[in-house]
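Here the protein sequences line up with chains P and Z, keeping their order.
In terms of the numbering used here, the numbers along the first sequence are unbroken and rise by one, the last being 498.
In terms of the numbering used here, the numbers along the second sequence are unbroken and rise by one, the last being 498.
Pairs involving identical chains hold if they fit within one copy or between any two copies, as the list cannot separate such chains.
No farther apart than 35 Å at their CA atoms in a straight line, the calculated lysine-lysine pairs in the DSBU-like style are these:
1) Lys175 / Lys430
2) Lys445 / Lys135
3) Lys446 / Lys170
4) Lys175 / Lys257
5) Lys194 / Lys445
6) Lys205 / Lys430
7) Lys272 / Lys167
Honestly, the hints are just simulated from the structure, not real lab data.
All of these numbers come straight from a predicted model, not from anything done at the bench.
This is what each chain is made of:
There are 2 protein chains.
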Amino acid sequence: MGLFADIKIYQPKGYSSFATSCGIKDETLDLGIIISDVASNAVAVFTQNQFPGEPVKIGKEHVRKGQIRAVVVNSKNANVGTGKQGYANSMKICKTLAKQINCEVEKIFPSSTGVIARQLPVDKVTFAIGEMASSIKSPANFEEFAKAIMTTDTVPKLASAKVGEASIVAVAKGSGMIEPNMATMLSYIFTDAKINREELGYIFRRCVNKTFNCLSIDTDTSTSDTALIMANGLAGEVNLVEFENSLLDCMELLTRKLARDGEGATKLFIVDVENAHNEEQAQTVAKLIINSPLVKTSIYQGDPNWGRIIMATGKNENIKIDPNNLEILWGEPAKKYSNDELDSLQEYLRQNEQINLTVKLNVGEARSRAYGCDLTEEYVKINAYYTT
Amino acid sequence: MGLFADIKIYQPKGYSSFATSCGIKDETLDLGIIISDVASNAVAVFTQNQFPGEPVKIGKEHVRKGQIRAVVVNSKNANVGTGKQGYANSMKICKTLAKQINCEVEKIFPSSTGVIARQLPVDKVTFAIGEMASSIKSPANFEEFAKAIMTTDTVPKLASAKVGEASIVAVAKGSGMIEPNMATMLSYIFTDAKINREELGYIFRRCVNKTFNCLSIDTDTSTSDTALIMANGLAGEVNLVEFENSLLDCMELLTRKLARDGEGATKLFIVDVENAHNEEQAQTVAKLIINSPLVKTSIYQGDPNWGRIIMATGKNENIKIDPNNLEILWGEPAKKYSNDELDSLQEYLRQNEQINLTVKLNVGEARSRAYGCDLTEEYVKINAYYTT
Numbered sequence: 111m112g113l114f115a116d117i118k119i120y121q122p123k124g125y126s127s128f129a130t131s132c133g134i135k136d137e138t139l140d141l142g143i144i145i146s147d148v149a150s151n152a153v154a155v156f157t158q159n160q161f162p163g164e165p166v167k168i169g170k171e172h173v174r175k176g177q178i179r180a181v182v183v184n185s186k187n188a189n190v191g192t193g194k195q196g197y198a199n200s201m202k203i204c205k206t207l208a209k210q211i212n213c214e215v216e217k218i219f220p221s222s223t224g225v226i227a228r229q230l231p232v233d234k235v236t237f238a239i240g241e242m243a244s245s246i247k248s249p250a251n252f253e254e255f256a257k258a259i260m261t262t263d264t265v266p267k268l269a270s271a272k273v274g275e276a277s278i279v280a281v282a283k284g285s286g287m288i289e290p291n292m293a294t295m296l297s298y299i300f301t302d303a304k305i306n307r308e309e310l311g312y313i314f315r316r317c318v319n320k321t322f323n324c325l326s327i328d329t330d331t332s333t334s335d336t337a338l339i340m341a342n343g344l345a346g347e348v349n350l351v352e353f354e355n356s357l358l359d360c361m362e363l364l365t366r367k368l369a370r371d372g373e374g375a376t377k378l379f380i381v382d383v384e385n386a387h388n389e390e391q392a393q394t395v396a397k398l399i400i401n402s403p404l405v406k407t408s409i410y411q412g413d414p415n416w417g418r419i420i421m422a423t424g425k426n427e428n429i430k431i432d433p434n435n436l437e438i439l440w441g442e443p444a445k446k447y448s449n450d451e452l453d454s455l456q457e458y459l460r461q462n463e464q465i466n467l468t469v470k471l472n473v474g475e476a477r478s479r480a481y482g483c484d485l486t487e488e489y490v491k492i493n494a495y496y497t498t
Numbered sequence: 111m112g113l114f115a116d117i118k119i120y121q122p123k124g125y126s127s128f129a130t131s132c133g134i135k136d137e138t139l140d141l142g143i144i145i146s147d148v149a150s151n152a153v154a155v156f157t158q159n160q161f162p163g164e165p166v167k168i169g170k171e172h173v174r175k176g177q178i179r180a181v182v183v184n185s186k187n188a189n190v191g192t193g194k195q196g197y198a199n200s201m202k203i204c205k206t207l208a209k210q211i212n213c214e215v216e217k218i219f220p221s222s223t224g225v226i227a228r229q230l231p232v233d234k235v236t237f238a239i240g241e242m243a244s245s246i247k248s249p250a251n252f253e254e255f256a257k258a259i260m261t262t263d264t265v266p267k268l269a270s271a272k273v274g275e276a277s278i279v280a281v282a283k284g285s286g287m288i289e290p291n292m293a294t295m296l297s298y299i300f301t302d303a304k305i306n307r308e309e310l311g312y313i314f315r316r317c318v319n320k321t322f323n324c325l326s327i328d329t330d331t332s333t334s335d336t337a338l339i340m341a342n343g344l345a346g347e348v349n350l351v352e353f354e355n356s357l358l359d360c361m362e363l364l365t366r367k368l369a370r371d372g373e374g375a376t377k378l379f380i381v382d383v384e385n386a387h388n389e390e391q392a393q394t395v396a397k398l399i400i401n402s403p404l405v406k407t408s409i410y411q412g413d414p415n416w417g418r419i420i421m422a423t424g425k426n427e428n429i430k431i432d433p434n435n436l437e438i439l440w441g442e443p444a445k446k447y448s449n450d451e452l453d454s455l456q457e458y459l460r461q462n463e464q465i466n467l468t469v470k471l472n473v474g475e476a477r478s479r480a481y482g483c484d485l486t487e488e489y490v491k492i493n494a495y496y497t498t
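Given only the sequences and the hints, what does the whole structure look like? Please build it.
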């Protein structure tokens, strides 16, 4: 993924980590834990899918209490559709970790990701946690944590920033079953800034709405989507405007990394809808375009097929659009291509790994952005041959 | 497509046909015309896409007057996004045909299908129509017409029935860009039954709602979707209940043929949602399932992944579903598979070309059905490498 430069990790104070392969499926890393030395103000947003995984139910209960000491995430099994046994298994993991780090069980935040509708081999996980003491890394190794939570991701996804004395590290995973339905894929953000929980909630939700909620890989909404932020306060107070800007930058970068690494994707696809009546119209149209299989396949092979853009823009009869006002532009900065310039447009589409499309409705002032990717044969292969 | 038996065509009286390759793109058939000896009562439904093709605009105006003598359809070019010139081109085709068969121009019903956003080489079409007189076939060759209107279809699609003295022949094309958004792909239905136009409209719309509007290949809504029925009355009056049942059978068969021939599809996928609160809930859930890329890819390789069915069923937070009530059944008749019977479910999924899924919400009495297909690498290939 040549689009993204290597990032520098700014280490927030007071975090340690553990990662291992406990053998849920194979020999690769499948368990990642981040521990804060002290209880941290925490806020999370979750999937809107009506059949959430069992760890999501527990995570909601625990984060509601306001403070979190550690997150524990396993990959290879999502613990979804597993009923009471699945819930008990996730609680067992929380209890085992709480005992290890000597805190209340409700200060543990659990997540699971991977295949759904199979029971998690919980004893493998709790055995690994029981033996972890000598292998804890301090300061935390966030790269290793990012690797441990990967499923069909091809690369670990991190972003980091410095705000005054404080640092932010943001980690995410997810490459399919992603649709911005008020929540997101798995993402964990750690900072040592001191921020009260209410303020942290406002800042985080504003950032989620501008980033993760604008991402769509395949319109499918995962049953495990979770995004959590922990602020342990060890670096003291920060300028909140600067903090929000830096957090937004980190989350925007993760969003682009997630879109670019969409299952089977070869291109990051960013759609801006501008001059709409209102934000809802702009967002709906942006999503119609980013989710259209015919648009996504034309982006894949760099076909300058603006007919498909028109089709997707107009396909929801409830979103009234005047075709005579419509303008279609490509690139960054956005440029109009006439019918005589289709060769040059094709060159733009074929030679770039990030494709920017701007659709101007020219009826108002509102705008919205959506992040997605192309649709390739590989997406089908990954999901058709993925063994349950 | 071994699913479908060869059909017998019952020839309605008073229809003739013409089909040719006029060379819009290559040497294959690209122009099909069906002519009724007499003006016929006609009703049509159209795409709800807000950027309809130019022929759609003309078709709407002409069918509103109530009577149609002939339909003229070209493939290889959809005449969409072509502005005033596109409109003039489609009118030129109508005028040329009207002159040939000696009728008012508003009794001609035009359609175009194929690539969008390119001007139609109209002179090739009007030249062919100008020369058609000696090549008209009477009675009509509907199979040839069905072939002439194909685009990425792999087989021509026809259905036929006898109602008393009258006959029905139904023809359709379409294999991608199909989503039941109040209208349908291209379909033309010809009968010699005598039915007043108002009654014909009621019957046709009821049948469309139960068939074409329940079909979804890829959620994309074509700018050209059109379904027309012509009743020339030459066979006299019929029992309207019998007529509606026979018409419904024909359109249901076409719907299954269209779904099975979805771009790249290897399987016909039929989803019944039962015991819903109301029909809207049933229909929404059926469409969520039939349109889920993760469900479609699991149907492709016959993966008994009921977790994906749960995910798709719950993904719209506005459609409240109680997970505890949910039942998932497979096959026809519908059968429940326990977790111990996944091998047997996998065998069902792998060995059948038609897959039936029944999801019971168990909260009410309403039901709805959706028709679709699996998602394969071939879908991506067809649409990514389709040259504009």
